[in-house]
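This is what each chain is made of:
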Amino acid sequence: MDLATLLPFVVNVIAGGLVLGFVYAIIALGYTMVYGVLQLINFAHSEVFVTGAVVGFEVFRVLEANPMNGYLKLLIALLAAMLVSGLLNVTIERLAYRPLRNAPRLVPLITAIGVSLILQDVLRLIEGFQGRFDLTYTLPGGFSGKFCGEGSSCVALGDTLRSIGLDLQLKDVILIVVSLLSLAVLNYLVNRTRLGKAIRAVAQDRVTAGLMGIDSNRMISATFLIGGALGGISGVLFGMKFGTVNAYSGFDPGIIAFTAAVLGGIGSIPGAVLGGLALGVIQNLIGVTNIFGGLLGIANLESIDASYQRIGAFIVLVLILIFKPTGLLGKSNVEKV
Amino acid sequence: MTAPLILDVQHLTKTFGGLTAVNDVTFGVPQGGIISVIGPNGAGKTTFFNLITGIYSPDRGSVRLAGRELIGLRPDQVAAAGIARTFQNIRLFSSMTAEENIMVGRHSRLKASFLDAVLHTRGFHASEREARETARIMLDFVGLGKWRGELATNLPYGDQRKLEIARALATTPKLILLDEPAAGMNPRETEDLKALIRSIRDDLGVTVVLIEHDMRLVMTLSENITVLDYGTKISEGLPHQVRNDPAVMEAYLGRGAAAGDYGKEAR
Chain Y
1 MDLATLLPFV VNVIAGGLVL GFVYAIIALG YTMVYGVLQL INFAHSEVFV
51 TGAVVGFEVF RVLEANPMNG YLKLLIALLA AMLVSGLLNV TIERLAYRPL
101 RNAPRLVPLI TAIGVSLILQ DVLRLIEGFQ GRFDLTYTLP GGFSGKFCGE
151 GSSCVALGDT LRSIGLDLQL KDVILIVVSL LSLAVLNYLV NRTRLGKAIR
201 AVAQDRVTAG LMGIDSNRMI SATFLIGGAL GGISGVLFGM KFGTVNAYSG
251 FDPGIIAFTA AVLGGIGSIP GAVLGGLALG VIQNLIGVTN IFGGLLGIAN
301 LESIDASYQR IGAFIVLVLI LIFKPTGLLG KSNVEKV
Chain E
1 MTAPLILDVQ HLTKTFGGLT AVNDVTFGVP QGGIISVIGP NGAGKTTFFN
51 LITGIYSPDR GSVRLAGREL IGLRPDQVAA AGIARTFQNI RLFSSMTAEE
101 NIMVGRHSRL KASFLDAVLH TRGFHASERE ARETARIMLD FVGLGKWRGE
151 LATNLPYGDQ RKLEIARALA TTPKLILLDE PAAGMNPRET EDLKALIRSI
201 RDDLGVTVVL IEHDMRLVMT LSENITVLDY GTKISEGLPH QVRNDPAVME
251 AYLGRGAAAG DYGKEAR
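Chains as they are written, first to last, in the working numbering: chain Y, 1 to 337; chain E, 1 to 267.
Check each hint, because a few of them may be wrong.
Said to hold, decoys possible - Chain Y is nowhere near these chain E residues, computed Cβ spacing over 10 Å in every case:
no.	residue
1	A66
2	E69
3	F124
As the list claims (entries may be wrong) - Computed footprint of chain Y on chain E; a stretch qualifies when at least three of its residues, placed anywhere within it, have a C-beta under 8 Å from a C-beta of chain Y:
no.	segment
4	77-89
5	93-107
6	125-132
Quick caveat, the hints were computed from the structure, so don't treat them as lab data.
From the three backbone atoms N, C-alpha and C, an ideal C-beta is built for every residue, glycine too.
Assemble the whole structure, with the sequences as input and the hints as a guide.
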């Protein structure tokens, strides 16, 4: 067992983990932003995310025969998913959470779970009417191929990636680029605009923000819109990466992204990104523990395979809750008076 | 009092369960005045401010700002109508910088929509510039220019109080409500504060109402004083009139003590 064989393998496992981690990170942002303004875990966010995946599927399906550029199709899919998921999230808040604004915190939490279940079946019904259950993405040609295969226009970059042993598909690279762009726009929106300042003000102290002339309901709606739009983006990316989604696909990534938000410190935007990336990598590493076991000759490890991946997220969740309940980048509770 | 009333409160009443926190209080603030509301702890002073600013809605009564009824408006609408306030326990946005805190106060006055921010329109740039400029002016006005980029939570206590005042002023109010601005300040800081409050009225033309326990500050600064006890207005008048009102001494010191000297500091 020499380092020369192990290293490229580990690098690829980590790279794959980061790709997955970006999807989790974008989903986790939806949880953490809503938590930031309302201290509510929006369990319906996993369905807001799946709705984005379904919208993405529909766009690619309708445009399948259309000769337009693949990237244009992707852009349309992303925009449509952002719009639908964003508006869905705003509607959920308006109808289900706002009337319970002053209720004990457990009440909206249970409501969120209820909304989540309702949306799952509404989605299943909508696709079921058309005789579909599992929705398989029809991606534009080339998206699923090796990144920069022979004869494509970016051979040099593809060769560079391959020379350092990175085995990524074009869609993985697209996923990373879209994620980074989303993060950059979000960072700008939250930290550099007056909308962002107003949202942060509402998150820190809703009463005082109101006395400064900020309509907190509008800012809460804006937060749900942004969080939902991010959910839509992550849905399309998830659908592209895994190829097939159905109405119930939100649960797993939803719960892992929620764990990521807690890991990073719920309410913290950089924390959600860090937590998502960390969980993506951890999950991928667990998935190949058996291979490591084989390489290292440790027989006991060989039975730990990809089916243990989900456990990894929850082990992390339990450890975080025991040892650092505020998360990696979370602040301890500010005293409120 | 010849100046017209900028704030006209009539028969304001608020009960919490069986407790009447504010009981039939009528209260007028002349345009350009500096008015104090005093009273023992638990007299209902802060509740009174919360009613005016729309945080609580009263059971009865009316609050008019320059003739416009405020009851029924949300706090952000009251702020838009022209009332700003500070808090007894400081409520800054602690993880924002001093400048950002003031910009939040300023933004409610500026017209730039969500789309403007996303699309980066010229209006958006202008409003950002304006907000930043206001923040600079306000920080200098309260003497905190050097703290511009510092997180609010890192400022010294007395300066946090001043920053809260600057943030309130950034909403360009007609009237500012200061809830115990001198609490926790040393005599020197209190003197600075007194000058600042005068300057708010004289230089910015903003009418001031303050709740305060520091009697030396209240007596030297106020043009008129209203005294609350158990939610009821028990006295009102010029500082020397209130100072010598037996009902006030009784409220602070208890029955029978009214004959004694009413000290500078009454807590």
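Consistency of the hints with the structure:
1. A66: At about 17 Å from chain Y, A66/E clears the 10 Å cut-off, so the statement holds.
2. E69: 18 Å, holds
3. F124: 8 Å, violated
4. 77-89: holds (count 7)
5. 93-107: Since 9 is at least three, the answer is holds.
6. 125-132: Three-residue rule met by the segment 125-132 of chain E, so holds; n is 3.
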